[in-house]
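Asks: Sequence:
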Amino acid sequence: MTITHLVTHSGGFHADELLSSVVLTHLFPDAELVRTRDKKMIAPAADKIIYDVGGAYDGEAQIFDHHQRPGPERSDGQPFSSFGLIWAHYGRDYLTALDVPADDIEAIHLKFDTKFVLPIDLLDNGAMEPSVAGPLSVLTLPSLLGSLKPVFDDPSPTADDDAFMSALPIARSFVEAQIRNLAAKFRSRQIVDQSIAEAGTSPILELPMGMPFRSALDDAEADHILFVVIPRGADWTLGGIKLSGDTFDQRADLPAAWAGLTDEALEAASGVKGAKFCHNARFIAVANSRDAIMEMAQIAVQEVQ
Numbered sequence: 005m006t007i008t009h010l011v012t013h014s015g016g017f018h019a020d021e022l023l024s025s026v027v028l029t030h031l032f033p034d035a036e037l038v039r040t041r042d043k044k045m046i047a048p049a050a051d052k053i054i055y056d057v058g059g060a061y062d063g064e065a066q067i068f069d070h071h072q073r074p075g076p077e078r079s080d081g082q083p084f085s086s087f088g089l090i091w092a093h094y095g096r097d098y099l100t101a102l103d104v105p106a107d108d109i110e111a112i113h114l115k116f117d118t119k120f121v122l123p124i125d126l127l128d129n130g131a132m133e134p135s136v137a138g139p140l141s142v143l144t145l146p147s148l149l150g151s152l153k154p155v156f157d158d159p160s161p162t163a164d165d166d167a168f169m170s171a172l173p174i175a176r177s178f179v180e181a182q183i184r185n186l187a188a189k190f191r192s193r194q195i196v197d198q199s200i201a202e203a204g205t206s207p208i209l210e211l212p213m214g215m216p217f218r219s220a221l222d223d224a225e226a227d228h229i230l231f232v233v234i235p236r237g238a239d240w241t242l243g244g245i246k247l248s249g250d251t252f253d254q255r256a257d258l259p260a261a262w263a264g265l266t267d268e269a270l271e272a273a274s275g276v277k278g279a280k281f282c283h284n285a286r287f288i289a290v291a292n293s294r295d296a297i298m299e300m301a302q303i304a305v306q307e308v309q
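Residue numbering for the sequence shown follows our numbering, beginning at 5 and increasing consecutively.
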């Protein structure tokens with residue numbers, strides 16, 4: 005039967021039902037999104053999907069609440085929020101609708117669940133303290149989405165619903181951006197793996213365009229690669245490789261004598277005709293040709309060794 009209604013609770017909103025709505029409204033664009041606590045409306049029916057309300061979890065009946073006791077849990081005992089439940093049941097269909105290649109759907113579904121959905125689940129259930137995010141916890145996605153709620157003294161009787169509907173496209177942009185980035189990483193993997201193989205024992209990795217590459221280096225245990233060369237428009241870049249996503253520290257820095265220099269000054273310091281720029285933090289340099297950037301790369305390697 006056609007889904008005609010997507011039903012969640014009225015009143016204030018949280019990230020879990022908002023993000024669930026992102027998935028469901030994309031899959032069922034003709035369904036009416038209803039925010040209510042009316043018992044008749046939140047009673048299961050074949051033409052409804054009910055989430056974050058209703059006091060039950062039953063995938064066959066299309067009701068996805070997590071507030072009952074005991075609440076639904078993952079196989080490892082971690083709690084689901086409505087978002088986790090919706091993702092488990094509808095996430096693969098959502099990825100298909102976003103044109104994710106069929107061969108990548110399972111891997112991306114799992115990666116998105118681990119990196120994006122699970123933290124939402126844990127925060128919503130009080131199983132993770134916001135302080136875990138550190139001093140910038142105010143910038144977590146649930147906090148940012150929560151900041152879109154109406155102020156306490158907004159007199160409008162539709163303030164909560166209006167705010168929810170205004171927040172929905174913002175939440176959608178976050179989810180779709182995450183999916184696009186994950187899909188791009190999977191597309192890039194074959195290219196990077198081939199480039200690593202072609203580099204062999206060289207400490208210089210050359211890629212045909214800018215793309216995610218560090219995780220492929222880690223998985224290949226290509227610790228000998230120190231710098232990456234990439235074309236950028238009419239120029240070429242030479243970049244360092246961060247030790248991890250949590251630091252700016254690199255496997256190797258560009259030469260200290262190049263730091264902050266441009267054009268003639270950088271040409272003089274490096275001895276390379278066509279050198280154009282080196283960042284003061286020594287993580288990227290630019291030249292006007294491949295020959296020039298490869299010469300700079302060889303100099304940078306020699307300084308490290």
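It should be emphasised that the hints constitute simulated quantities derived from the structure, not laboratory data.
Hints may contain errors.
[To be verified] Distance condition first, Cα-Cα at most 30 angstroms in a straight line; then the derived DSSO-like pairs of lysine-lysine: (1) K189 with K153; (2) K153 with K119; (3) K44 with K119; (4) K277 with K115; (5) K119 with K277; (6) K44 with K153.
Asks: Which earlier hints turn out false for this structure, listed by number in ascending order?
Replies: Per hint list: 1, 3, 4 and 5 violated.
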